[in-house]
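**Student:** Single-letter residue listing:
Protein chains: 4
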Amino acid sequence: MIKLAVFGAGRIGYVHALNAAALPSVKLEYVVDPVPSAQRADLAAKTGARIVEADAVFSDPSIDGVIIASSTDTHAELILLSVAAGTAMFCEKPISLNFKLVTEVAEAVTKAGTPCMLGFQRRYDPNFRMVRERIQSGVSGVLEQLVMHTRDPSPPPVEYVKRSGGMFRDQAIHDFDMARYLLGEEIRTVYAVGGCLIDPEIGQAGDIDTAMITLTSKSGRFVQMNNCRRAPFGYDQRLEALCAKEVLYVENRPKDSVMIGSAQGFTSAPPMNYFIERFADAYRAEMVAFVEMLKTGAEPLAGMADGLEAQRLAEAAIVSMQTGKVVELTAGWQPD
Amino acid sequence: MIKLAVFGAGRIGYVHALNAAALPSVKLEYVVDPVPSAQRADLAAKTGARIVEADAVFSDPSIDGVIIASSTDTHAELILLSVAAGTAMFCEKPISLNFKLVTEVAEAVTKAGTPCMLGFQRRYDPNFRMVRERIQSGVSGVLEQLVMHTRDPSPPPVEYVKRSGGMFRDQAIHDFDMARYLLGEEIRTVYAVGGCLIDPEIGQAGDIDTAMITLTSKSGRFVQMNNCRRAPFGYDQRLEALCAKEVLYVENRPKDSVMIGSAQGFTSAPPMNYFIERFADAYRAEMVAFVEMLKTGAEPLAGMADGLEAQRLAEAAIVSMQTGKVVELTAGWQPD
Amino acid sequence: MIKLAVFGAGRIGYVHALNAAALPSVKLEYVVDPVPSAQRADLAAKTGARIVEADAVFSDPSIDGVIIASSTDTHAELILLSVAAGTAMFCEKPISLNFKLVTEVAEAVTKAGTPCMLGFQRRYDPNFRMVRERIQSGVSGVLEQLVMHTRDPSPPPVEYVKRSGGMFRDQAIHDFDMARYLLGEEIRTVYAVGGCLIDPEIGQAGDIDTAMITLTSKSGRFVQMNNCRRAPFGYDQRLEALCAKEVLYVENRPKDSVMIGSAQGFTSAPPMNYFIERFADAYRAEMVAFVEMLKTGAEPLAGMADGLEAQRLAEAAIVSMQTGKVVELTAGWQPD
Amino acid sequence: MIKLAVFGAGRIGYVHALNAAALPSVKLEYVVDPVPSAQRADLAAKTGARIVEADAVFSDPSIDGVIIASSTDTHAELILLSVAAGTAMFCEKPISLNFKLVTEVAEAVTKAGTPCMLGFQRRYDPNFRMVRERIQSGVSGVLEQLVMHTRDPSPPPVEYVKRSGGMFRDQAIHDFDMARYLLGEEIRTVYAVGGCLIDPEIGQAGDIDTAMITLTSKSGRFVQMNNCRRAPFGYDQRLEALCAKEVLYVENRPKDSVMIGSAQGFTSAPPMNYFIERFADAYRAEMVAFVEMLKTGAEPLAGMADGLEAQRLAEAAIVSMQTGKVVELTAGWQPD
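Protein chains in written order, with the working numbering: chain D, 1151 to 1486; chain W, 1151 to 1486; chain S, 1151 to 1486; chain B, 1151 to 1486.
Honestly, I wouldn't trust all of these hints.
One copy or any two copies: either way a pair holds, since identical chains are not told apart in the list.
To be verified - Straight-line distance between alpha carbons at most 30 Å, and here's what the computed DSSO-like set of lysine-lysine pairs gives:
#1 Lys1368 / Lys1395
#2 Lys1395 / Lys1312
#3 Lys1153 / Lys1177
#4 Lys1445 / Lys1312
#5 Lys1475 / Lys1368
#6 Lys1405 / Lys1368
#7 Lys1312 / Lys1368
Just so you know, the hints here were simulated from the structure itself, not pulled from any lab data. Nothing here was measured: the structure is a model prediction, and the numbers come from that model.
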């Protein structure tokens, strides 16, 4: 039996913990969350896990791995505690809003060699994965243009925005990761424009709600991202990979399969709402892969280095947007 | 130069005459329509044709072919006049509402060997034609189930209904023809149900506005037709051919290419409205084929025998609906 | 806690039992299946249920309900045992291949008043349900034409065919049920044609693999079903409801959301494969409704009378196909 | 009668001249093309126009308007001759590859007040026009993000590339124009990246074949363009306008309406090929509008100022790509 502990019984921690616990070879031992809640209690009840403090986890040598899904400001410390305890970990993105700290944590993980998987679930979605595999296989020809859409169904609460690190670190980071994943190489330049077109309160909180980003890769290929905090039709999460021999689209997944025709035309359902539902398969596959990593040492699709590089792109995008200039990513680039 | 005359300057005669006249090798000499109208004048003006009486056409030996697109009750007589004059003809369906007369006319044409093309324009539509060719080529495998939808955008005026011969002879006849065209064999049984669900005035005029028909072919394959006089979204003209190796759909052609997404979902355009617009390509291709027949003797896709057999199926469907029984089509079957 | 027993640990029994056991208020007490199998063992292990014989279930007064998902030839007896024990039941269709027995069982259930839910899961699929609700609400206008497609991805083993009661009782019965569910009234006439176009072994076993069926309702509305044992692209399960004000389609649910464009065109995924996967939501919703019925007495969407009437239509279709005649359903119609 | 002359009997001149000549109130008097060709002869034959030299046109006071569709390097001179003669003109884009000359010509036209319509046919396409009108009407809410795809089906001959002024002036200029048309305001910044990923010969000729461009508008809204010289599936010409209340897509128009389903999935037709076919409606509408301008003085949807501003954006994109920097468009910006 693989024994696990989860940090954080909030929205995403709850999903990960239940997915892990549903696997036949897994026992969820501990739930760590300082704030009592119905969800924390429910998670413990459903899985038979005990609610404990962090110390109890790291002092229990029988724990095979930890799922870090607590608030972002605790990630770095928990990763370092896992490294110290030699416990393998799955960690939600981002690692920290402080990029210097991200680089230090990444260095510590690498140095210690502690197995670490990062929560870029889109890599585990069967659709994105099929695109990656088809490109990697050579069937599609060279990927020349990548166009990604990520639009939330509606703006998050301003309180969330304030703690989020901004739209690039919080939301667009998945697209930065996907760009690297599909291109199979690093990014050379980043250019970002952004503004507050949807919700003035987000602007007052110092963030943006609408952005467009252009990346060029080391070998000279091209990426466009368009991101925002509201699409009128719901969650918009799509991708277009124009390759030399074919184009691959990942389309939205509709809520239902009913189409209605009237004099106005034919109306099909809006997309599934929201990432927890849209990526339910991917979240399940992540826990399967995490347990596989614990059992066999199999490399996950996203590791600490991927977290570091995706965030480097987010930092570069922030600098580009703030200065109005293109950022060229030299080796080890960091924001000032 | 190929010299033509057109009988009938109404909706469909106007389309055929202009399409023919637009061909480089064609001269439209005469327009015959007993009723003066702006459209008759316009047709003559645009093509340089003269407005004459029927006699003038058949006494002019330079006329290579006639387009018979006058009212249905004149078709049989004009065909017989063409046969007598030895003039090749294109004739709109149906040949006559009187099936006995249809068989006599068909016999006369066959006996005389006068070239004759029937106006089943759907055979010339590039989409239906591609389906036929793909099936004929063997790529699709055996056609097992054919499902056809023909629904008008809105009921015709009751005056039209009264003269039309009823929905089976007037509208469904195209589907009967398409069934024979795609199956590549004759029909063995016909079963039809129908009623008046849309417009009570149509019922008072002795016709139906909604029907479903089942055909079985001589070799035991299956056809479903559903027909009506109104689809809430406009003209519905589709086909599904389930074959052993693939399924082929002819879908509606949307009015435009704009799709609108909102909280209600994604709405794309209703179909093109109506047969004159939807089948514009097919009508043009018909005149090309007619002229080709006149020049080279090339067989058209639909001849007199096709008109006869499609109408036999319409007659059988009427008998089936009226008796509530299945009609078995023995050799030379005719309604009583 | 609601205590349940399941009869049958095969494909569908396994699904129902796990879905029921996953509900917070349910305890699966017993699994009854005379044939030892890995799946039977797995089901017991996952749910904590005991493997027992039928007697143990009906002599345990704490059992609130039974799930009858054993082989068809045991359904009738188990229903009668449930009635005798006064235990509420969920029963898979069909009730029996012997229609006389079906009517007797239905009468016994009705007389005793034992709560009984029938396994027409399509009624619980969110898509079909939305269509039903939209029609019932009046938004769509009167349903005039209903067209249904049910095509298996590939023919079942001949051994299955022999025990199945034939394609109409085994497969098309869901469409017969859906016709009644969406029309909201009974059927007046049934006409069926069928043959063996796909797999000659099915024909040798006395069954058909391809059929088309036409129904008319008491008030004169129309239904077409086309059914077969193989669609080249996979499981085909669709519906079109043409109503006076709009048309409603339930479309297939694609396997994935990737579309690939090349010189050949744009290719999207084939449908989900197969009913267990396609109707996963519906099967879950069925168990929720069954438990709700046990707790509150809430009427399920499909009861014993629905099972009886759907099967009556299957019997009429068999008679129609065998005689080549239309069957008129007078009150209490039964096959000879 | 409106009397017209056409300069250029090449691909697009031929289309414009035939469309104009087909209008009932138009007489095409002259065809001017220094190079004898079958197409020039055919155009004269079909329209009854005479083949003359340019002088003959400008010295004929009965000419109401000229269609300038000759090679790009002759546009500026012909415009100035039209201005001198006081003859209204329709001119294909671009006005000149020399931006300084474009500004001079634009100034001359404006000063003289000679009516002038520019050949941005996409403004006349019913789909793009519907998007514009829906946004202008307020129904869609504020346009926030505009994403445009323009991809040729295959790279043009290198000889064409060399004379074309480069992909931005030749192809992307339509997207620059569309951005201004849909935003309804001017552009503030331009950022472009490009490279040669498809055809090395294009690179050797000093041009690019793949590019991505980001625009921001004066009021802070965002535009992405992705352009290239080859899409594996054919001509890709799409647009997505994300507005506050809805999103509007202009999708590709498929070649046919046949969909084929097999085990690989469902394949629908690739797009119509190529701009002459895809924009046939738009080209017809352009000539209708040109003649309307000649008759009533009605403003065309695109005038000289639009040609100037679209080309300014193309020039800015070239500078941005060459310098790797963002170009800020101050009043009257010009390339050095």
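**Student:** Can you tell me if Lys1475 and Lys1368 fall within 30 Å by alpha carbon in one copy, between copies, both or neither?
**Tutor:** both (18 Å within a copy, 17 Å between copies)
**Student:** Up to 30 Å between alpha-carbons, please classify Lys1445 paired with Lys1312: within, between, both or neither.
**Tutor:** neither (39 Å within a copy, 46 Å between copies)
**Student:** Tell me, please, which holds for Lys1368 and Lys1395 at an alpha-carbon limit of 30 Å: within, between, both or neither?
**Tutor:** So Lys1368 and Lys1395 pass the 30 Å test inside one copy only (22 Å; across, 38 Å).
**Student:** Using 30 Å as the alpha-carbon threshold, which applies to Lys1312 and Lys1368: within, between, both, or neither?
**Tutor:** between (34 Å within a copy, 28 Å between copies)
**Student:** Given a CA cutoff of 30 Å, do Lys1153 and Lys1177 count as a within-copy pair, a between-copy pair, both, or neither?
**Tutor:** both (5 Å within a copy, 26 Å between copies)
**Student:** With identical chains treated as interchangeable, where does the CA-CA distance between Lys1405 and Lys1368 reach 30 Å or less: within a copy, between copies, both, or neither?
**Tutor:** neither (39 Å within a copy, 35 Å between copies)
**Student:** Have a look at Lys1395 and Lys1312 and pick one of within, between, both or neither, based on CA distance no larger than 30 Å.
**Tutor:** between (44 Å within a copy, 26 Å between copies)
In the structure shown, a violation is registered for the earlier hints numbered 4 and 6, in ascending order.
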